[in-house]
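Visitor: Model the placement of chain B on the given structure of chain A, informed by the hints.
Below are the chains, spelled out letter by letter.
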Amino acid sequence: MINRPPASGHAQVFLPDAARPVSDEPYYEAVGEEIALFQAAYEDRIPVLLKGPTGCGKTRFVEYMAWRLRRPLVTVSCHDDLTASDLVGRYLITNAQTVWVDGPLARAVRAGAICYLDEIVEARRDTTVVIHPLADDRRMLPIEKRGELLEAPPEFMLVLSYNPGYQSVLKELKESTRQRFVAIEFRYPDVEVERRIVVAESGLDEENTEKLVRLAHLTRNLKGSGLDEGASTRLLVHAAKLMRRGIAPRTACAGAIAQALTDDPDMLRAVNELASSLF
Amino acid sequence: MPLPSSERPAPAAGERYAAHQLESQLGRLLEAVLSLRRTVTDIAESAAMLDRDGQAFVLHWTGVIARTNVELAFQFATAAPGTLARIDRSQTEAWVIHAIDAYDRDGLQSGTEALRETAPFEHAAAAVEFDAVARVLQLFVQGLSGRPLPLETAREAYTDTDTIFLPNRISRGATCEENFLHYKATVALLWAQTRHGTYSADLEKACNAYPDPRHALHTLNALEAIRLEAHIERELPGLARATAALRGEEPIDERCVPLLAPSATVEDSIRLIGEFYACASPPHDAYASVLQPGRAAAVRERRIAREKKAIRDALARLREEMGGDEAGAFTIEEAGARELSAAGEYVLELGGVPVSPPAELARLIDSVVQDLGQIPEDYLAIAGDAQPWYASRANRDALESGNEDQGGTQAYRYDEWDHARGHYRRGWCMLRETDVQPGDDEFVKRVYAKHASNIARLKRTFELVRGEERLLKRQPEGDGIDLDALVEGYCDMNAGTELPPLLFTRRRKIERDLAVMFMVDMSGSTKGWINEAEREALVMLCEALEALGDRYAIYGFSGITRRRCEVFRVKRFDEPYGALVRSRIAGIEPQDYTRMGAAIRHLTMRLDEVEARTKLLVTLSDGKPEDYSDNYRGEYGIEDTRQALLEAHKLGIRPFCITIDHEARDYLPHMYGAVNWTLVNDADQLPEKVAEIYRRLSA
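Just so you know, the protein sequences line up as chains A and B, in that order.
First residue of the first sequence? That's 0 in numbering that gives the first Met the number 0, and the numbers climb one at a time after it.
First residue of the second sequence? That's 0 in numbering that gives the first Met the number 0, and the numbers climb one at a time after it.
Bound conformation, chain A alone (with noise of 0.2 Å):
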């Protein structure tokens, strides 16, 4: 028999790594307004949706804004297997006695930190609802299991990415989550600023840089014959730092690029004659 009820031990716990503060300036190129729109938004404690495709740019955008108003920051790349205690906390049990431990979204508010939910839509559909009473006025977060309201103090914030480009209908933001932010569109950068970009990111020279950021283009015409994205800014980049490791561009491209975008062996096969069709 049990003597002692397991829910009068109760400790609290933190983990050590409660909220990463951004320490040195993360590279970020801005495309348009959005740094102001997001400070704005900061200020005035409203949460942030980022729309766009991936690797354009969101992670690295919210790491930068986290720098520059000097907040810690939290991010839980979220997957089809999300629940809601996996965000807000749960019991665990040690030594007899069950301790309750936070979740990321319980840390972030605690600490006042901004907390970003990578890929939003990949978590199950109830799951989103828990951060509703967090992205409207209440700025709460009920925490059921132990009976807390936890409220957000001013610094906190809230900022949710997603990629309307996924087809299915399952994967679409729910009206009432999504009605609650302000929404920055993210695109891929046009050929001036992507080239900079990949310039800065990898220290590759202006030429093949110029090929990169072409074959970028022609891969995105392909969105929808068979590639649900183009090449984002991050596989150039990824092609671009092994170019300047020495390695044969085709091969880098081949590599960071083609085999990266699809399994399609036509289409590989199509998305590397145009590498070879540039370089």
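Since the hints were made in silico from the structure, they are not lab data.
This list has only true hints and no planted wrong ones.
Calculated cross-link-like contacts (lysine-lysine; reagent style BS3-like; alpha-carbon spacing at most 25 Å):
| hint | chain 1 | residue 1 | chain 2 | residue 2 |
| --- | --- | --- | --- | --- |
| 1 | A | K173 | A | K50 |
| 2 | B | K444 | B | K458 |
| 3 | A | K144 | B | K472 |
| 4 | B | K444 | B | K526 |
| 5 | B | K526 | B | K688 |
| 6 | B | K649 | A | K222 |
To give an idea of the chain A side of the interface with chain B (calculated C-beta under 10 Å), a few residues:
| hint | residue |
| --- | --- |
| 7 | A83 |
| 8 | S84 |
| 9 | D85 |
| 10 | T93 |
| 11 | T97 |
| 12 | L273 |
| 13 | S275 |
| 14 | S276 |
Just so we're clear, the structure is a prediction, and the values are computed from it rather than from any experiment.
Built from N, CA and C at the ideal position, the CB exists for glycine as well.
Guide: Frame of chain A; chain B shown alone:
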């Protein structure tokens, strides 16, 4: 397909046929086109010189072709003995298929000519077939081009600015790689013709100024190649290097130097025709492509008119969204010209404020700029009355397919499998997709009344399947604490062992990630009670599926002849099951025949567009595939259907057939596989059975 053995008075294995044996066999096959003066004696004599395999080849294909066209078979038999001696055995079949394809496409004369063209098959081993590389090239050109440029085959390579036509095979080079490069370079050149405005001038008029317009056009073609190659070299340096290596560096004639400037246009090439007109051979002719100004002009004119309307509609809609008349007028400006960054080149402004055009509009703008070099003023001056969006939506669909027919509905072309040839007939079937005309609403009410208890029962069963959520116990981590495990663990711990780690519970929803396409036979043979039963079955099925939450679509199919295959929309995947869908179900009426292959290919394409872990294609049928007049009935139709299902299978789609044909056992296992079909004994049972079968199938 081998000839029935009774028709072959076969000599002993390995021995050759004698001339008189061949003569009698060929005579029988070609009887319809023979006369006193036109006999098969000569053919038989030259065929008698072939070895046994060669003879068998001639007899087999003469028989196969004779079923398509006897005259073509005669031409084949005449040409075959000589050709077989010249070209490699591995290529003979390609040669025959090439000719039959030409016949299918353009008729007897073209087929006969193709039989005479043996040169491409002579260096055969390294030849590259269009079919083998079509998809790669298609994607390649899609990457290069802002607008869709479908690829098709034709005798000569050219573009009409909407489609790129390429030869069936290329065997100019010594290796496969070289031949592929020829294809790629030709595609790039033809793409450059559309991209850099080869057809933006009136080429016919320019060439008619010379005594021999054909020669002038030929010269112009070569000059344009020089101009466009300079573009390709700037934009695709890797490709330019590879093609230069392939044919060796040629010095460019000094007089052509102005063509190399980025700003050179087709007008500059036209001005130079005079310089080179006197030369017998043009200055430069590395590509086997031609110019087709007549066809291009017609296509271009149609597209310009269509896109003008589409742009104006899209702009009108955009302005409506941005606040209507108060928003001001559109202006458009070129922002720093930069090659290849297609849609970003233009800045669209509304009343002085830049707006970002929707993707579709950006594509239209890009396409118009390719045709006209700019967006003319009158495109932007739109009246206040915005078109209803469906009008322009229809436009857009037609635009995307590049196919328009008289009726305005989009036509799709599908290949058909000819089992006798062992090859596809390319673009053989023309299929249109239309909505079912809504029918009598009373029908659905009657079904509800008739099957009320059944529907309620079905819904309950299906809801049970849907709501499955399992509570997983004894998990290493989870949302709740598994008290049973904890109590046991606590006891264990007090007894001196360690507390076990599996103390949590977790809820897990069993998700059904499934999309199903129902393909309903609407052939004439379903008339009467079968049709009635089908419709009732569909109503009940929809009720059940709504309870289940699976994504589903329903299409009917029918048709008469290969040019009029039809697919009828009852419910698309993204359409809710509502009054409209119900009245469409009521409106399902028997139509014509069942050419199943094309319908399966089309619906496979539709199903393939949906994202789901499991995809099902369920056919509701009452008999064998068949069609009016041509030979679709029987083995041909069964084999084509089977091939279409195999194609679907390759895309990860699982086909299944529910039939009421008692003879189904004879052919369905061959088409769908041994287990992927079921027979409902009596059409009356369809309504009750279909949903149940589906539940078993998808469990």
